[in-house]
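8 protein chains.
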Amino acid sequence: MTLPTSELTPDNCAFLMIDHQVGLFQFLTSMEPLQLKNNILGQAKTAKAFDIPVIMGTSWPLGPNGPTMPELVEVFPDVDIIDRPFVNFWNDETSRKAVEATGRKKLVISGLATEVCAAFPAISALREGYEVYVVIDACADFNKEITEITTQRLAAAGAIVTTWVAVLAELCANTQVNGAHIGTLLAHHMPQYYAAMNNFLATAEHADEVANGIGLTGKPPIQ
Amino acid sequence: MTLPTSELTPDNCAFLMIDHQVGLFQFLTSMEPLQLKNNILGQAKTAKAFDIPVIMGTSWPLGPNGPTMPELVEVFPDVDIIDRPFVNFWNDETSRKAVEATGRKKLVISGLATEVCAAFPAISALREGYEVYVVIDACADFNKEITEITTQRLAAAGAIVTTWVAVLAELCANTQVNGAHIGTLLAHHMPQYYAAMNNFLATAEHADEVANGIGLTGKPPIQ
Amino acid sequence: MTLPTSELTPDNCAFLMIDHQVGLFQFLTSMEPLQLKNNILGQAKTAKAFDIPVIMGTSWPLGPNGPTMPELVEVFPDVDIIDRPFVNFWNDETSRKAVEATGRKKLVISGLATEVCAAFPAISALREGYEVYVVIDACADFNKEITEITTQRLAAAGAIVTTWVAVLAELCANTQVNGAHIGTLLAHHMPQYYAAMNNFLATAEHADEVANGIGLTGKPPIQ
Amino acid sequence: MTLPTSELTPDNCAFLMIDHQVGLFQFLTSMEPLQLKNNILGQAKTAKAFDIPVIMGTSWPLGPNGPTMPELVEVFPDVDIIDRPFVNFWNDETSRKAVEATGRKKLVISGLATEVCAAFPAISALREGYEVYVVIDACADFNKEITEITTQRLAAAGAIVTTWVAVLAELCANTQVNGAHIGTLLAHHMPQYYAAMNNFLATAEHADEVANGIGLTGKPPIQ
Amino acid sequence: MTLPTSELTPDNCAFLMIDHQVGLFQFLTSMEPLQLKNNILGQAKTAKAFDIPVIMGTSWPLGPNGPTMPELVEVFPDVDIIDRPFVNFWNDETSRKAVEATGRKKLVISGLATEVCAAFPAISALREGYEVYVVIDACADFNKEITEITTQRLAAAGAIVTTWVAVLAELCANTQVNGAHIGTLLAHHMPQYYAAMNNFLATAEHADEVANGIGLTGKPPIQ
Amino acid sequence: MTLPTSELTPDNCAFLMIDHQVGLFQFLTSMEPLQLKNNILGQAKTAKAFDIPVIMGTSWPLGPNGPTMPELVEVFPDVDIIDRPFVNFWNDETSRKAVEATGRKKLVISGLATEVCAAFPAISALREGYEVYVVIDACADFNKEITEITTQRLAAAGAIVTTWVAVLAELCANTQVNGAHIGTLLAHHMPQYYAAMNNFLATAEHADEVANGIGLTGKPPIQ
Amino acid sequence: MTLPTSELTPDNCAFLMIDHQVGLFQFLTSMEPLQLKNNILGQAKTAKAFDIPVIMGTSWPLGPNGPTMPELVEVFPDVDIIDRPFVNFWNDETSRKAVEATGRKKLVISGLATEVCAAFPAISALREGYEVYVVIDACADFNKEITEITTQRLAAAGAIVTTWVAVLAELCANTQVNGAHIGTLLAHHMPQYYAAMNNFLATAEHADEVANGIGLTGKPPIQ
Amino acid sequence: MTLPTSELTPDNCAFLMIDHQVGLFQFLTSMEPLQLKNNILGQAKTAKAFDIPVIMGTSWPLGPNGPTMPELVEVFPDVDIIDRPFVNFWNDETSRKAVEATGRKKLVISGLATEVCAAFPAISALREGYEVYVVIDACADFNKEITEITTQRLAAAGAIVTTWVAVLAELCANTQVNGAHIGTLLAHHMPQYYAAMNNFLATAEHADEVANGIGLTGKPPIQ
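Chains as they are written, first to last, in the UniProt record's numbering: chain P, 1 to 223; chain D, 1 to 223; chain S, 1 to 223; chain A, 1 to 223; chain X, 1 to 223; chain G, 1 to 223; chain V, 1 to 223; chain Y, 1 to 223.
FYI, nobody ran anything at the bench for these hints, they're computed from the structure. Any given hint could be a false lead.
As the list claims (entries may be wrong) - According to the in silico footprint, chain P covers these stretches of chain D (three or more CB under 8 Å from chain P):
#	region
1	22 to 32
2	56 to 64
3	137 to 146
4	150 to 156
To be verified - Pair by pair, the computed Cβ-Cβ distance ranges are:
#	chain 1	residue 1	chain 2	residue 2	range
5	A	L3	S	H188	41 to 47 Å
6	G	E74	V	T5	53 to 59 Å
7	A	E205	V	D80	19 to 25 Å
Being a predicted model, the structure only gives us computed values, none of them experimental. Quick reminder that beta carbons are idealized off the backbone N, C-alpha and C, glycines included.
Work out the full structure, taking the sequences as your base and the hints as a guide.
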């Protein structure tokens, strides 16, 4: 059984975002592209919100795999993206050392494609005793069945397969302290939540108080 | 492997119903809303039928998450609903103490959303040695894939992921003793069973005897 | 092309609810039973709300098809249910005369099973010049593909295939006059609408005014 | 058969965007919310790009239906949103006159929910001789089956049921003249197109020339 | 619009069963094979029950398409199966003359594969003024999408696309006369109906009377 | 991990077929009824072919659950069906003793509904050290999601969840010895296999030899 | 109704293959890419087999849409591919004149994306009186729903929406004359047919005769 | 948990390809045949590319199961295919000794059908201490549900269930050494990758260099 030793906190984990490259993004269609882009950015901004170390990698960016998604680069303008010849990120010394340099023993991993770029380092890290979380909805594959098989493979190997929202929520821990993070990120990346929030702000008796509490700027206009 | 030490009985478990709030209900659409509401009430009335302790929680009820579903409150007019600032119900001292006060070591949990409100306390309770049953069909998420991933995560962590009907049936144990509970609850919450029951009562030779046995009031009219 | 000559109004249509019998309901599983029952009752209560004439039929109620659903009978305690030997409701003189007696030239039809009990009279009525609306989501079949084929057959024959909510909304016409009908029926039969309504009533500045406007009794409690 | 008399041009059509309100958006879940919001904004920005008259409506914005989506309002800060008591937009004199004032005989309609807010005015307008295009992927309903039934109903009534991208492409007509519109809108609203575009710009020999041609600002960085 | 001039009766139609050959059956997998075989036999026994003329054809039976399904041959031991070199059954003089010899102007057609063996003669017969019913659930194709496209093509051409159960029910017309046909055929080919029937016969007050009425032999044993 | 100690053989297992009653069959629609009936009979005839002890149970057969499926009773005319008041077959002393009397430590279980009638005794037997195989495709539930959750629960508890064909194949072991069993059962219950077999027999050079080898009687006729 | 005036023959039609470009192919994922490529080549080789005129077009091939698929170019090394600035192929004078030069009044069209590149010229050609066949399974879109909507739009406009196999079969007409075309193309592009053919050739009594008849070279080896 | 002791390398594994026979291929339709054939060849060519020992088996090739797929035989003209009477490959002494002769302790298995031909030897090999990888997407079954159940059974037994692309990528290890293998195999078997590659080669500044690096012959022509 895979029962993590403790909860994720901003202090005990590092995020690995591997090969989120435009050439791969355009044809790895196991997930609707709008959803995939949304979730990748959701995971990225979660890292940023909690100031968690992020390590990024690419494979063959000058070839058809292309550069890292520019919208992801924009979130992390200062992160060096490590290109590598090895299929498995973990077999690349520079990449692995970047992980070790964080000193964190919990790794939160996503990658394109799941079955290779996320799964291989996840399994390698598990073998070395890391606790591994795979953010499966920030990953994609040639087809849906591959992601399902890979999810099962990762779970069998001892990885915690989860979602970007669950990771965000676990890091938030206390809404009185971190409510703005979860409020803002869900508002930007879960449109039904944004709609519900706007509906509330437009009609609720205590809307201003709530809006201030989570750092949103004012009520949207009612026509 | 996750083999429970014993069967669920009315004496050995407590039910945790976490964050079944109208604001969340309206946009957590991984399950058809009719089905979700039906199953939440099915789980609730199961607790009530067997007089099992129930602990209820909310998160941000004055904000867009809204109050607990009034149809659920109606089932438990006397249960205090514990509001908390912590994302994880288990990290809230009041909530956790309410669980401990029951003295039960088997917890039957559901919540909105599964990936956070049900899964986090389930994992925490498992870590402390509880036996945890998650009533997955009384839970919902932003989408179906999230529920599937969370189911797998919970199963991997050692939770027994199950359904409200299976919990009801396990608690009934003996139909000669508890037949009316299972008969009434299925009739109210599984329309195909209700139809079959009505068909039987309308046409069967020994319908009155059966009707009396399960406390239903008379045969429906045949036109 | 099938362009109705005018809108549905309470004065220009009759509802035909054919063979909604418990024996058929239990095994016609093209639609989730909760949804099917919900929609049948939604259609029925729409007729009741607007005082529209309703004609009901059965086929072989003393055999395995069983009696009309008791929850439907409860909505129309005073409607005589016409049993008939003919497969096609329209070929039964008593049934057809009941339709003609209403003097209405727009027929709103549903039935179990769609492919026979709804489709056959719909096609016969079209041949005689009626405008026919089939409430496809208050119908069911042995499987989903059959409903899809029957929908296409009905549309090709000139029927307007629609839903119970669209019929309700068309009859309501003006929310200042009939808002309570649409508000109450959606609240009872569309749980996500009920949740949204309760969320609004619990939090909105002007909730009382709104609640009064649609005849709902008070705000639900906030915990 | 429904063969339009001519192609859509910026000069011959008006856009009707009806009841895209946050309260409805949050629970009309026939389409993934990310996709729905994306398509609504895609349709809106298409109107804006080609300077096409837009008429917007609401139903019960002070009640649980809530205000118009603020992200949509932001696209059209100067459009008056017409609130109405009539279910059918077309039965509201102010709304209908706003349409007539445009002098356009082709109407491009979307609305929440499709089965009521888009379908009813579409059918009314067809009855009065308008050519009606329904942008079905900028609409949503209580469930997917309702949208499918409504699509068939609209097509049978003579509406051209289409998508926001097809409308955009038909209006663009000539890529040498309007290429920037289609390029920019697809880049912002079809992430796989954006990825392909970025991949091209990062690697192609003649990337600068292409980028200039469609008004994009420079190549994204390669790591 | 496609509104048949009259109802199907045993006297006004002929059945065409084209190319139901084992070699095609084994790999035309748009429908679950159990369902496909069941429906083909259901259609065949419907013809037999009402003594309707049947014309059968094959294409390349000595090659990989193989012989006609032996279970189908068993239903019609005396029908000559016409082999032909033409892809379109209607272009084969022997086949077409066999149809004309029946003198019937309503044709009930099925075939493997739908898109060719059923659709081509259906369209040819429509062009010559026949009324054509295609029993779409006794047909199959290389994949499901092909059947859907062909259904739409046939409906657009004016064919009535329907199911074997709807054809059976239309031919039955009056259950007092033909009840045994519909009862027996559904019992043998719709297992949920058979279960309901057996449940009824085992428990109902008036089971013997019902069983006699439809020619079923006795109640099944209760354990 | 769940690695069985040995292969299934006719000498080391008993089959438990629990509550395959017509009243339950008619409304447990997680699986297409044709498929469900087919698989139940496939499992039953496998037991018969290899002379494996079978224990059958019912719950409330005089009520709406109805008698055991007559087509199943026909396979086992001499097996006593044990009725019981306990929900869990394993808690009924008569039932459990019937199992113990076989002396077998491998149990092959199916039941209606899976989540209760198959799952509960499976879990109880696992707790007592039996090796448990659940024939999941000879089981059904109120809906598909329930079967999926129950499959996962059973696998987590250590049951081997499998299919009737896999059980048949494992028992056959050597096609030179038991080929007729697998040939005959697949021919009767997997129509695509039957079609392939008939195609082969009709066209193959050495068809007679093959037909004799598996006990089939002659080639089917070619038209 | 859309009933073609005559059957497709090699002499009465032209094929339009529009914008099958690698840049579009890689991200238009409404259809599994293997299937899409297979069908595009199936349509192309059908044209080639029957020596039917083919007109090919591109849009922005030097930009991210990329060049025509090289595997398609390989089928038609001598066809000039017409690049155009107009979104609608029909509005481009060079393209339209190329169609007119064939003198054919039946057009068989496919394109990427369906909703634009196939649908727009199809509708324009219908307006000018052509008979239009759209090979929908050699087309693709941003998602599956778009193809479904476009299929319905095209059918409503009077196009015959069909498949590449149906087109091939209609052109073959007589298997004694054109059997090799259908045999070879299905063998190469329908693997289940190829498997059936190989199974037949390996085992059938008269395999050589059949193989010679369709121009296949010898039986595959049996191990 | 199933954590492999090391990565797959060309030196530490053997491939078992069991019963990929044309008679089985044609009716095992859990996976689209194009995809299944593609993946079987993908796995085969991976073995060939890395010179990994391959063992092939058949069951009843002279009967309806037919010979091994000729396209697979073509990949391995020198591999002897071992026919066996045992259902379980592992119980056949010749087959098992062929495995032992390789000296490899990691087995990469696929077969038709999964539930029998792949699963049985996988479980037997696990019992004897081998590390087993099942290439689930080069396997198929009578239906999709069977593959899902078998996947879960195999994972529970300790097998690593994976895909042919993941195996290929793990064997490649370093793209500077083995890039041509992964490039060529994906280009031939993943059409969206091939399209992306062609798009890149047609437009990129450094296309020649990239093409040379992976052994592709030149840029495809731009029209």
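Do the hints match the structure? See the list:
For the region 22 to 32 of chain D, the stated coverage by chain P holds: 4 residues have a C-beta nearer than 8 Å to a C-beta of that chain, and at least 3 were required. For the region 56 to 64 of chain D, the assignment as covered by chain P holds, since 5 residues bring a beta-carbon within under 8 Å of that chain's beta-carbons and 3 suffice. Note: the region 137 to 146 of chain D has 3 residues with beta-carbon separation from chain P under 8 Å; the three-residue rule is met and the coverage holds. Figure legend: the region 150 to 156 of chain D, annotated as covered by chain P; annotation consistent (4 residues with Cβ-Cβ distances under 8 Å, at least 3 required).
Our hint of 41 to 47 Å for A/L3 and S/H188 holds, since their Cβ atoms are close to 44 Å apart. A C-beta distance of roughly 57 Å is found between G/E74 and V/T5, which places it inside the suggested range of 53 to 59 Å. The hinted window of 19 to 25 Å between A/E205 and V/D80 holds, with their beta carbons roughly 24 Å apart.
The structure agrees with every numbered hint stated previously.
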